[in-house]
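Visitor: The primary structure of each chain is shown beneath.
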Amino acid sequence: MKDIPLIQKNDRIRTIFITIGAILLFIVSVSFLNLDMATFMSRFEQSGEVIKHFLVIDASDLGTVFSELLLSLSMAVASLVLGAIISFILACLGADNISPLPFLSAVIKGIMSVIRAIPSLVWILMIVASLGFGSLAGIIGMMFPTVGYLTKSFISSIEEVPAQVIETMKSTGANWFQLIQEGILPNVSKSFLNWLAIRVEGNVAESISLGMVGAGGIGTLLTRAISSYDYGRITFIVLVIFSTMFAVEMFVTRAKKAI
Amino acid sequence: MDSPATIALSQQKSIKKRITGVLLFAVVAYSFIYLKVNPLTPFVTLPSVFSFFGENFFPPNFTGFSSYVSLIIETLLFAVVGTYISAILSFVFGLLMAESINPFAPVRIIIRFIVSFIRNIPVLVWASLLVYIFGIGNMVGLLALIIATFGFLTRSYAEEMNNIADSKLEALKATGASPAQLLVHGIIPAFFPSWINWTFFSFEINIRASAILGMVGAGGIGIMIQTNIRLFKYKEAMALILILVILVLLTEFVVNKLRKWIL
Numbered sequence: 001m002k003d004i005p006l007i008q009k010n011d012r013i014r015t016i017f018i019t020i021g022a023i024l025l026f027i028v029s030v031s032f033l034n035l036d037m038a039t040f041m042s043r044f045e046q047s048g049e050v051i052k053h054f055l056v057i058d059a060s061d062l063g064t065v066f067s068e069l070l071l072s073l074s075m076a077v078a079s080l081v082l083g084a085i086i087s088f089i090l091a092c093l094g095a096d097n098i099s100p101l102p103f104l105s106a107v108i109k110g111i112m113s114v115i116r117a118i119p120s121l122v123w124i125l126m127i128v129a130s131l132g133f134g135s136l137a138g139i140i141g142m143m144f145p146t147v148g149y150l151t152k153s154f155i156s157s158i159e160e161v162p163a164q165v166i167e168t169m170k171s172t173g174a175n176w177f178q179l180i181q182e183g184i185l186p187n188v189s190k191s192f193l194n195w196l197a198i199r200v201e202g203n204v205a206e207s208i209s210l211g212m213v214g215a216g217g218i219g220t221l222l223t224r225a226i227s228s229y230d231y232g233r234i235t236f237i238v239l240v241i242f243s244t245m246f247a248v249e250m251f252v253t254r255a256k257k258a259i
Numbered sequence: 260m261d262s263p264a265t266i267a268l269s270q271q272k273s274i275k276k277r278i279t280g281v282l283l284f285a286v287v288a289y290s291f292i293y294l295k296v297n298p299l300t301p302f303v304t305l306p307s308v309f310s311f312f313g314e315n316f317f318p319p320n321f322t323g324f325s326s327y328v329s330l331i332i333e334t335l336l337f338a339v340v341g342t343y344i345s346a347i348l349s350f351v352f353g354l355l356m357a358e359s360i361n362p363f364a365p366v367r368i369i370i371r372f373i374v375s376f377i378r379n380i381p382v383l384v385w386a387s388l389l390v391y392i393f394g395i396g397n398m399v400g401l402l403a404l405i406i407a408t409f410g411f412l413t414r415s416y417a418e419e420m421n422n423i424a425d426s427k428l429e430a431l432k433a434t435g436a437s438p439a440q441l442l443v444h445g446i447i448p449a450f451f452p453s454w455i456n457w458t459f460f461s462f463e464i465n466i467r468a469s470a471i472l473g474m475v476g477a478g479g480i481g482i483m484i485q486t487n488i489r490l491f492k493y494k495e496a497m498a499l500i501l502i503l504v505i506l507v508l509l510t511e512f513v514v515n516k517l518r519k520w521i522l
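Protein chains in written order, with the numbering used here: chain A, 1 to 259; chain B, 260 to 522.
In isolation and in its complexed conformation, chain A is listed as follows:
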């Protein structure tokens, strides 16, 4: 009896080809990267000592940590809300199927992909350069990546609305605002909420990181603790960050179910 191959010959050749290509790419990348393994390994041997230092928790500064955490969270919420409003307007103008000016759609989509290509922290550095440090710079700095992400997501949700819905609305003589309010919104509100929920987590993580480049919030406290070798405080702040992120995730999952 002849064996029946489980995988077709052509597929197998392609798979082998892709696998070899993938392995080659990895080897070439590693060799070009010039990783300083030697220093790393020597530090690695001592890392046990350093990590041992981290096994203390210094919660003496609870008040400051908490108020800075609140600052980070507030910046995340504020930039999310303002970003969502802008994104909603841009998405209504930029979605192919309802855009009042067709050329606007391409323009908005293009600008958004450029905005998204710039990491949030670079946005914050740029805004801080023009406004100086402070909550306002933090909010505006995080608004850009938020708008970049939400506009794209909102547009893709709006464009999924069936053409019949829009046509029906138009044939009843609804104007653009009525079309959005009664035709689009009921169809997309659920996916909009989902996008916002995903973005909440992203914004909280970013508002923590932006403190590390000096824009205030709990990240600033962490950087300060690191530079002053304050092990107990570092551990405490990292744990606070972890619990916050964890709580936000739980809260978002809960809220999504409730709505």
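One thing to keep in mind: the hints can contain errors.
Said to hold, decoys possible - Each computed SDA-like pair below joins lysine to any residue, with the alpha-carbon atoms no more than 20 Å apart:
no. : chain 1 : residue 1 : chain 2 : residue 2
1   : B       : Lys519    : A       : Arg14
2   : A       : Lys170    : A       : Glu159
3   : B       : Lys519    : A       : Ile18
4   : A       : Lys9      : B       : Ile447
5   : A       : Lys190    : B       : Ser273
6   : B       : Lys494    : A       : Ala129
7   : B       : Lys516    : A       : Leu25
8   : B       : Lys427    : B       : Pro448
9   : A       : Lys52     : B       : Tyr391
Think of the hints as simulated: they come from the structure by calculation, not from any bench.
Since the model is a prediction, treat every value here as computed from it, not as a measurement.
We have chain A already, so just place chain B on it with the hints.
Guide: Positioned in the frame of chain A, the structure of chain B alone reads:
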């Protein structure tokens, strides 16, 4: 019916929804009050931000381009190597975390906890902690990238693996397939498309992440952007930012082509 003239389009405003709405509004209002920022101020400030950009960041100055090339390559390579290593690690840990594959509940719970711990700490925090422990160097950047991607990928992989229909695996088991055969002929083929998708997606994220890791001293293009901005050399910084934009957009394009070719 008293007034047939107006028919409400939606009648499902329950009390629960109202309460959620009020609570959300309170949270938002409190945020602005705590920050002492008027919600309208950011909008009012935007024009001055844009004019500042126009005056100081443009036109970009590309004179140092030749010295940037090595940074660009380094950023790219970081993303490639980081994605590879974390994709392999995540595959193993994804298998261990997926309910439909790993029957040992305690192992699943422990791994779930570790992954959630890793995932819930921002990359930059990981990077600065690692720099602190291991000193500045590109191994630290790579390690931070791997840790961050690992958390994200393991969770996505495990969820996809759980989605693979049990019936398919059961059918294979019924034919007397060994665990290894189950893996090669049952799980991997069904999982392959989403494996490719998630891995490519994380590669795109890694390009951006490896650019910012430089800010805490872990190599890549980010450190040059930060240094230039700190030194008020905005036009040079703009050149680097534009290079980064092109790099990211190009990656997105290539990855899309590659994805279509493979799948």
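Visitor: Now look at each hint and say whether the structure bears it out.
Guide: How the hints compare with the structure:
1. Between lysine 519(B) and arginine 14(A) the CA atoms are separated by roughly 14 Å; this keeps the pair inside 20 Å, and the hint holds.
2. At most 20 Å may separate the alpha-carbon atoms for a hinted pair to count; lysine 170(A) and glutamate 159(A) meet this at roughly 16 Å.
3. About 13 Å separates the Cα atoms of lysine 519(B) and isoleucine 18(A), which keeps this hinted pair within 20 Å; it holds.
4. Restraint check for lysine 9(A) and isoleucine 447(B): the C-alpha separation of about 18 Å stays at or below 20 Å, so the hint holds.
5. Between lysine 190(A) and serine 273(B), the direct Cα distance comes to roughly 16 Å. Compliance with the 20 Å bound is thereby established for this hinted pair.
6. Of the supplied pair hints, the one linking lysine 494(B) and alanine 129(A) holds, its CA atoms being roughly 12 Å apart against a limit of 20 Å.
7. Our distance criterion of 20 Å between C-alpha atoms is met by lysine 516(B) and leucine 25(A), whose separation comes to about 17 Å.
8. As the CA atoms of lysine 427(B) and proline 448(B) are separated by approximately 11 Å, the hinted pair is consistent with the 20 Å bound.
9. Restraint check for lysine 52(A) and tyrosine 391(B): satisfied, since their Cα atoms lie roughly 13 Å apart, inside the 20 Å limit.
The structure meets every hint from the earlier list without exception.
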